[in-house]
Amino acid sequence: MKTTIEEIEQQIAGEFENFEDWLEKYNYIIEMGKDLPLINEKFKTKQNLISGCQSSVWLHADYKDGLVFFSADSDAVITKGIVNMLIRVLSGQTPEDIISSQLTFIDEVGLKEHLSPTRSNGLVSMIKQMKFYALAFQTKYGA
Amino acid sequence: MKTTIEEIEQQIAGEFENFEDWLEKYNYIIEMGKDLPLINEKFKTKQNLISGCQSSVWLHADYKDGLVFFSADSDAVITKGIVNMLIRVLSGQTPEDIISSQLTFIDEVGLKEHLSPTRSNGLVSMIKQMKFYALAFQTKYGA
Amino acid sequence: MIKVDFNIDKVRKDFPILSREIYKRPLVYFDNAATNQKPVQVLNRMDLYYENQNSNIHRGVHFLSQEATSAYEEARETIKTFINAHSRSEVVFTKGTTDAINLVAHSLGRKLLKAGDEILITFMEHHSNIVPWQMVCETTGAYLKVCNITEKGEIDIEDFKTKLSRKTRIVALNHVSNTLGTINPVKEIIKITHDAGALVLIDGAQAVAHLQVDVQDLDCDFYCFSGHKIYAPMGTGVLYGKEDILDKMPPYQGGGEMIAMVSFEKTTYNELPFKFEAGTPNVGGALGLEAAIKYVNGFGLATLAGYEDDLLKYGTEKLLQIEGLRIYGESALKTGVISFNLNKVHSYDAGTLIDKFGIAVRTGHLCTQPLVGFFGVPGFIRASFAMYNTKQEIDKLVEAVIKTREMLL
Amino acid sequence: MIKVDFNIDKVRKDFPILSREIYKRPLVYFDNAATNQKPVQVLNRMDLYYENQNSNIHRGVHFLSQEATSAYEEARETIKTFINAHSRSEVVFTKGTTDAINLVAHSLGRKLLKAGDEILITFMEHHSNIVPWQMVCETTGAYLKVCNITEKGEIDIEDFKTKLSRKTRIVALNHVSNTLGTINPVKEIIKITHDAGALVLIDGAQAVAHLQVDVQDLDCDFYCFSGHKIYAPMGTGVLYGKEDILDKMPPYQGGGEMIAMVSFEKTTYNELPFKFEAGTPNVGGALGLEAAIKYVNGFGLATLAGYEDDLLKYGTEKLLQIEGLRIYGESALKTGVISFNLNKVHSYDAGTLIDKFGIAVRTGHLCTQPLVGFFGVPGFIRASFAMYNTKQEIDKLVEAVIKTREMLL
Ligand SMILES: Cc1ncc(COP(=O)(O)O)c(C=O)c1O
Ligand SMILES: Cc1ncc(COP(=O)(O)O)c(C=O)c1O
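Residue numbers (my numbering), protein chains in the order written: chain A, 1 to 143; chain B, 1 to 143; chain C, 1 to 409; chain D, 1 to 409.
Chain A extracted, bound-state conformation (with noise of 0.2 Å):
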């Protein structure tokens, strides 16, 4: 069986347990968005975009089998560290799954300031337009 989008979140939530201060978290989260682009670079176009005021995102969905698949890049690497888990997370789900997803982890791993609708990051529309993906998917392919 596939793990689910809760196993994944806790998953995440557990490799953050383990720092000591923000100096160790920020690290991870850099690391995770220096790795290599989440997105191949035909998908970065302009329709794609998604500008945050602060930085900008870009997503792309495909539908497989049943499930969602995401790809997402951003020009903040910071921005892209949470991008990546969010894609750990919500890619290779059903629509239905990723619809009810309430990606709590955010919050547990202590990164919901990046979730405040007014810090204009892109990740909040980013979250919006992988839901809309999901249903948009749903309703195209039936549930």
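Since the hints were made in silico from the structure, they are not lab data.
You can take every hint at face value.
Below, a list of computed lysine-lysine pairs in the BS3-like style, where the Cα atoms sit at most 27 Å apart: (1) C:K403 with B:K25; (2) B:K44 with C:K344; (3) D:K403 with D:K391; (4) D:K24 with D:K13; (5) B:K128 with D:K266.
With the hints as your guide, set chains B, C and D with the ligands onto chain A.
For chains B, C and D with the ligands alone, coordinates are given in the frame of chain A:
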């Protein structure tokens, strides 16, 4: 020699000196306000009207033998009482004396609040208008 | 009607200004419809903000900015709940009712109105709900129609129905009249207006501190109020608008937070409610407004209305016993507002003398000049009540009015 | 350069927020260009107002209303003197700079501007001095022209002269750039513009807390600033305008104090400055602004500018020692604003980490998106100084930037 503006001002200040409290003072002002209209009805024209927000004033001016004569009225009796005093002080004086008058008695007898530019009872505009008339007569008939 | 937990002595202690003396007499403050006084809870909230959280908000990454932003958006949420808006996007912060009405008039003027259209208001509107519409008529060629009122100070509904036409685009009226105290049947009027295909703006400046307002139940398209009339600081106010309508409206002011992307070629606007909030907002003021709403909610508006109703009844009865005194606004549905005149006495004279008793009443046209004309008087004397007023204070007013009358007649 | 009586420890004690801790570190507040902090003197003045004097003003006959009116008008007088306006009629209270610029743009748009006219701004304007003009261009058919700037972040005067044409009706530019800190040669520009027959609006939001402004010496037609950037409460601001020009301009908002006489047939407007002050003004805020100006005057702007210049020099020197750090805005004439970037580091990343050191800097486009485009960066990191900042705080910033750089590269 005719009584000067300052002398009349002192007279009025003297009349107020003996009042024990505001009640007596205002009774006196009201009495002065209740005196016969200070203006001929035919001069209560729209053109002579100075509309304040709280009360209004009619003002008429004549020029004779180098002196300016004012008559005026108001719809509010307290305003009228003050108008009465202003006419006592300024009517029958020369344009120069009217223009340079300081009207300190208003402050001395404790009626300054009625001449606050934002009280909108017509009095401030009336004094302006009186000086304006004096200036106009001065210009027209020479100094 | 008054809940047991409404302790007037305790309430009065919350308002520092009430212990002030005017001409060596304890202040009696009956000018609440102009602006009401602020409880320490509101002042403390503002101080707390400026001493701990002050920062420019939105899009700031640093801690204080995030904290101030959250506080500001929570204040919006509190207001949303207070008036039962559907979403936070429908709650726009303004500097007051006047600002809010001008926003709507100007924005609708740019998109909705054209020559020959009609805007319908009533004879009992505050200048702030007259002049913005006159100005927009001037720029668009629309006409201003005015619904009659009755001698009792109520809207003439038959006249309203006659004047509402297929050309009417907007109806704008107050929920509660600042001069007469009349609580207007806005729900009914909104229904009739919607049936005729027009939008309704409700000027709620005099309502929110006295009635529980539910914008979804009323179904109004816009609802405006000022903070300073609901125990909150000056310079604050709210425009509620239905989301789908606000969404279609062009922005009012430009600059600051209201943009999505600025270039010299093309500027795009932010989403609601930010599209309508140009410039640095008054964060401290918004938090003061939130604190005021919480303070009011602590008693419940029904409790306060009950208490103020008592004052209204008592004051009306006592004042009417004075010879030659007429009260304007005789509707059965009223808030605690008593506008009156003494036969043959000018309101300015009366106000000048009543003041000397340490009693603050407002006199003059009360920013409703057409009403002054309607009743054929030079002005009104208005006593308006708030939660901290008492019957003893009303007794003092009655005594002062009697003395004033003696002096002036 | 610093007067002996400027005691920084004493000054810091006046600002309660400075003793706050952020992430267990003492707050270092370098976001002063966004909004600066308020001394107790300002907070006390507002409390005093609400605890003793609060009342709606103008035309009220009662004692409190008269007292509040006098206080409000004295605040206007203080501002008049502060900027050396010719008369109080020229000082209009607004809710901020954005409000003031929108007022002018809208009012001139109604009377002065027609299709084909030109409005000239610069590449370094804040959105609040771009978008209102774009909006008025849209309604009038006028064109927006933009004057170039140099790599150093100064206005290209030659380009300005070229773009100033016989069609130019209005020139609008900032006195001091909020992003670059550049003090623009506004006096010279005003002279050139007047010779060409156009009006000049100066956006002084970033100037008034740092330079002594003399509107008569500058000879500008309009000057705008916000209270919250000069140690005063949010929701306050000033529009200065030459009396004869303001006199000819149509009002902006309708309602409240701005009328002389309202009837449904014809409404006439009040005299200056009231014509432009619709609705209940923010009296408490205006008194807070007055207190802030008095506070600043207590030191003298020259003293404060001298102190802040020292910080600027020190900060610039220290920051430039960091490898790959570039400062934007290299004019010889600058206020205490340092916008910078670390080579290859995104400003959002830097801001996020610097915040963790308890240091408040602003990051992003700083409401100057065209400037971001000009320098080809995703945003800036901006540290901006106020009278209460210290060199020790700058050392902490430098340390944090170095750490941040290490983490991100
Ligand atoms: C140069 C400049 N102009 C205008 C503004 C707008 O001021 P406010 O947001 O107070 O209206 C600001 C501040 O944000 C500014 O720095
Ligand atoms: C009914 C009504 N509408 C509008 C206003 C205007 O409110 P503000 O002056 O706070 O903008 C007032 C108060 O003066 C009012 O009583």
